[in-house]
Each structure stands twice: as structure tokens, then as C-alpha cells.
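Enquirer: Top line first, the protein sequences correspond to chains S and G.
Each residue of the first sequence is one higher than the one before, starting from -7 at the first, in my numbering.
Each residue of the second sequence is one higher than the one before, starting from 4 at the first, in my numbering.
Think of the hints as simulated: they come from the structure by calculation, not from any bench.
Take the hints with a grain of salt, since some may be wrong.
Stated by the list, open to error - Estimated spans, in silico, between C-beta atoms of each pair:
(1) Glu121(S) - Gly85(G): 48 to 58 angstroms
(2) Thr231(S) - Met4(G): 51 to 61 angstroms
(3) Leu8(G) - Glu349(S): 52 to 62 angstroms
(4) Asn28(G) - Leu32(S): 49 to 59 angstroms
(5) Arg213(S) - Glu65(G): 48 to 58 angstroms
(6) Gly167(S) - Asp50(G): 45 to 55 angstroms
(7) Gln135(S) - Asp50(G): 24 to 34 angstroms
(8) Asp25(G) - Gly351(S): 49 to 59 angstroms
(9) Glu65(G) - Asp40(S): 42 to 52 angstroms
(10) Ala64(S) - Asn28(G): 18 to 28 angstroms
(11) Asn174(S) - Lys87(G): 18 to 28 angstroms
(12) Tyr210(S) - Glu65(G): 53 to 63 angstroms
(13) Tyr210(S) - Glu69(G): 27 to 37 angstroms
Claimed, not checked - Straight line, CA to CA, 25 angstroms or less: simulated BS3-like cross-link-like pairs of lysine-lysine:
(14) Lys149(S) - Lys208(S)
(15) Lys285(S) - Lys87(G)
(16) Lys87(G) - Lys41(G)
(17) Lys285(S) - Lys149(S)
(18) Lys285(S) - Lys72(S)
(19) Lys87(G) - Lys208(S)
Ideal Cβ placement from N, Cα and C applies to all residues, glycine included.
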Amino acid sequence: MRLMNTPRSMEISITPRCNLRCRYCSHFSSASDVDQDLRLEDWLDFFDELGRNAVMDVTLEGGEPFLRQDLAPILDGIVKNRMRFGILTNGTLIDDAIVHHIETTRRCNQVQVSIDGSRPETHDRFRGEGSFERAIQGIRLLQRHGVPVSVRVTVHKHNVDDLEATARMLLEELGLPGFSTNSASFMGLCRAHADEVRLDTAQRTDAMATLLRLQKRYPGRISAAAGPLAEAVLWMGMTRALREGREAEPGRGFLSGCGGVMSGLAVRPDGAIIPCIQLSHMELGRINRDDIKGIWQDHPALARLRVRTATRLGDFEFCRGCVYIPYCTGGCPATAYTMMHDENHPSPEGCLKRFLEDGGRLPDEPER
Amino acid sequence: MANPLVVLREEFDDWAVLFDPDTGNAFGLNPVGVFIWKLLDGRHTADDIALALASEWSDAPENAREHVAELIESLVSNGLAGYKIAMDR
């Protein structure tokens, strides 16, 4: 296993605070939900270290990054250290001054705004009244300044029937180049509101069919790394491979669902260095105290995560008797942790066998 | 000479990536390319670099000077390096 000298990218939860309390927020009630906002100077010192280690990209998230009054000098610290940045936001606090500043840096990969519906009724249901209008204003402001803007749609129980209109609004009315989708995962606040928020099996089945249809209607413009669309693509490939009696692809049949620990690290709002924002309980060290390169190369917890890929799915009781094992990746380690209290376990959320046993149905294969 | 804004990211073994943060573009460099890049400091000419290369690598080809010039041209055309003009006094 070849490991890069230093991480290429860094996810940074720049503040634990947020002006919203979305019902499925993965941040609140997680280990990242701390009561400490680090000082600007602490972040700037850390960015200097990232610059010395030739890190290429920083993603700022939260909480809500635009709540930080010192966001402009934070971005300047990233730019000074020859890095690029992205920002994940609810879009409701974006104003002209900060967008102008982002534009002038010329280092922004994208500002990703969360939009969960085509109209306030669906978007605001779990995000709070007025958030839809403000988020759309934020997107328009970013577009006016020529800042690359993308949208993430989180699919849940109350917007699954609004996906067609959402795609039309984002791609045709707002003219965005594309958007990505996921679903409310069993993390953070979603754990307490799972029945109210999460798709049931029938809705998951519908969401897969709808998103695949939309993907065909808008070629190359709808993507997913998780959630119903990603699952549909992965699982249809697995059932096809089984039907055709194909041999396993490299890596499949093992816990290979995530390669994030081979390319980047993350930091909590209190400065704890962690493997990933979604694995915020795994403290590896502290910024400006522990050497980032040393953690990256030598931390035993990271080494364990990196050898997950040598763990056979067939060794888990959970997977016993499953015919899809040779084609399966075991899913996301973070949802394995929140559901099974063990990141080195297959994730029940990403289990095709369980989905089918619950009555789920995969979309029909397109005709060839 | 090397564009000072460009980041040399030494990844594994002696291979590296040149990263231009203004464009987001990245260019792979093999170990010889890394050696050359590190000498693009405005003090070494292409001839100096070819000589240094020959003394560092016993199996350097005879036309190493041409390879050095080709790489420098490619770096310049991608905005990763520029020429420093010598001023005679």
C-alpha cells in the first residue's frame, strides 16, 4: 500500500455554530458538536503548516462557515499558503461583501449550498421557515459574481415526491451546471428523528427510480456519492454481476467502501484532528500541537482504518450467507460506526441484501 | 525559473505533483523532473542543469540537454515556470 507523504486535502469544521437546526444535521449531537470556536490566529497558524506540507485543497464546513465574521481573513490564510478552497453552507447568510471577497481570491473550487426542494414547503420543512428563499438568494448572488456554485439535495421522507420539480428548478430555472444528491443518514440529529426523516424502503425504491430517470433526462448533471442514486448504481451493478456469474472486481468482498483516509484528513471545530468529519469521535491529535505529517504517516488508528480493505466481508456474522459478498464494498465506515458502534464493520445502511429482504426493489435495467 | 506560486508536492518514492493553485491544475513529475524543478531557481541555466543531471545519474542519456530543454519548455507553456533574462552591465 503506497501512502502519500502528506494529505492532499483537508476538511475543516471551522465553527460548531449554526443559525439553523436542520432535523437531520450530521453535525449537531456528534462529537464535532463542541462549544469552542477557535481563534483566527489558531487557524492561520494551522494553514501555515498545511502550506508547508503542500496540501492542495481545504473544504470549510461547520456548523455554518458564513457565521464566522472573520471568514475573509480565514480565506486569505488559505490563499497565502497556495491552497484552494471549497465551502459547504446552508446558503442563508451569504452577503455581497463576502461573495466579492471569495471572487477576488480566484481560488474557490465551489460553494456548495444545501437545497432540499423546489419550494419552501419541502425545503423549509426540516430546515426552518424562510431558509429556502434566503438560500436561493445566496445561490443567485454567487452566480452573479461568477463564483462556482453547486447544490447538494438531501433526499428525505418529505421531499422524495418533489425531486422532479427540484431538478427542474435547479437545472433549468437557476441554470446550475449540475447538482449532487445524498439522503439523510443515521448520524447526528437524524438519529433522534429517524422515523420522521429517513426514507422507508418503498420511498427508497421510488427515489432510486426517479433519480435514475432524471439522470437520463439531464445527462451528466446529477451525481451522487451516497444515498439512493449512488445505491441504485452500485446495487444494480452487483445484481448484474451476480446474474452473469462474474468474478469479483478488485477490492470487492472486503471493507473497501471508503478510500478517504488515503487522501485526506479532517479537523473538528475545537482543533481535534480526525480521519473524516463523519468520524469525529476518533481524535488523532490537535492542530498546532501535533505534527500533521507525523499523524498522517504514523498514527495507529489511521493505519487500522487503511487496512480495513484487507477485512473480508465473509468473516462477519452480519454478512453470513449473502450472495452479493463478492461484489460488495461494505459501505460507509461512519454509518457503520453510528449504527453498529464499530467503523470496522459493514454498514447496515448500505446493505443490498437487507434492502431486498425489507421489500425493496431495484429499478429495471435499461435496455441495451 | 520556477513559478513561486506553484507547489511541488512530493508524494511517494521520488515522484511528485506540481500544483498550480490559481488554476487547480496538477502535473505529474518523475524523479528526474523533480531534480530539474528543484534547480529552476533563476541561477542555473539549462546547461548547468544538464551537467548536474549527468553527475547525479550515471545512466543519463547523451542528449540530456535536449530533455532538460523540452521539460522546461513544457513547464513554461503551462505557466509553471518562466525565463529569467540575464542583464549585462
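Enquirer: Decide, hint by hint, whether the structure agrees.
Expert: Here's how the hints hold up against the structure:
no.: 1; hint: Glu121(S) - Gly85(G): 48 to 58 angstroms; verdict: holds (55 angstroms)
no.: 2; hint: Thr231(S) - Met4(G): 51 to 61 angstroms; verdict: holds (57 angstroms)
no.: 3; hint: Leu8(G) - Glu349(S): 52 to 62 angstroms; verdict: holds (55 angstroms)
no.: 4; hint: Asn28(G) - Leu32(S): 49 to 59 angstroms; verdict: violated (30 angstroms)
no.: 5; hint: Arg213(S) - Glu65(G): 48 to 58 angstroms; verdict: holds (53 angstroms)
no.: 6; hint: Gly167(S) - Asp50(G): 45 to 55 angstroms; verdict: holds (54 angstroms)
no.: 7; hint: Gln135(S) - Asp50(G): 24 to 34 angstroms; verdict: violated (51 angstroms)
no.: 8; hint: Asp25(G) - Gly351(S): 49 to 59 angstroms; verdict: holds (52 angstroms)
no.: 9; hint: Glu65(G) - Asp40(S): 42 to 52 angstroms; verdict: holds (44 angstroms)
no.: 10; hint: Ala64(S) - Asn28(G): 18 to 28 angstroms; verdict: holds (26 angstroms)
no.: 11; hint: Asn174(S) - Lys87(G): 18 to 28 angstroms; verdict: violated (50 angstroms)
no.: 12; hint: Tyr210(S) - Glu65(G): 53 to 63 angstroms; verdict: holds (56 angstroms)
no.: 13; hint: Tyr210(S) - Glu69(G): 27 to 37 angstroms; verdict: violated (49 angstroms)
no.: 14; hint: Lys149(S) - Lys208(S); verdict: holds (23 angstroms)
no.: 15; hint: Lys285(S) - Lys87(G); verdict: violated (34 angstroms)
no.: 16; hint: Lys87(G) - Lys41(G); verdict: holds (15 angstroms)
no.: 17; hint: Lys285(S) - Lys149(S); verdict: violated (42 angstroms)
no.: 18; hint: Lys285(S) - Lys72(S); verdict: holds (20 angstroms)
no.: 19; hint: Lys87(G) - Lys208(S); verdict: violated (52 angstroms)
When each numbered hint is compared with the structure, violations occur for hints 4, 7, 11, 13, 15, 17 and 19.
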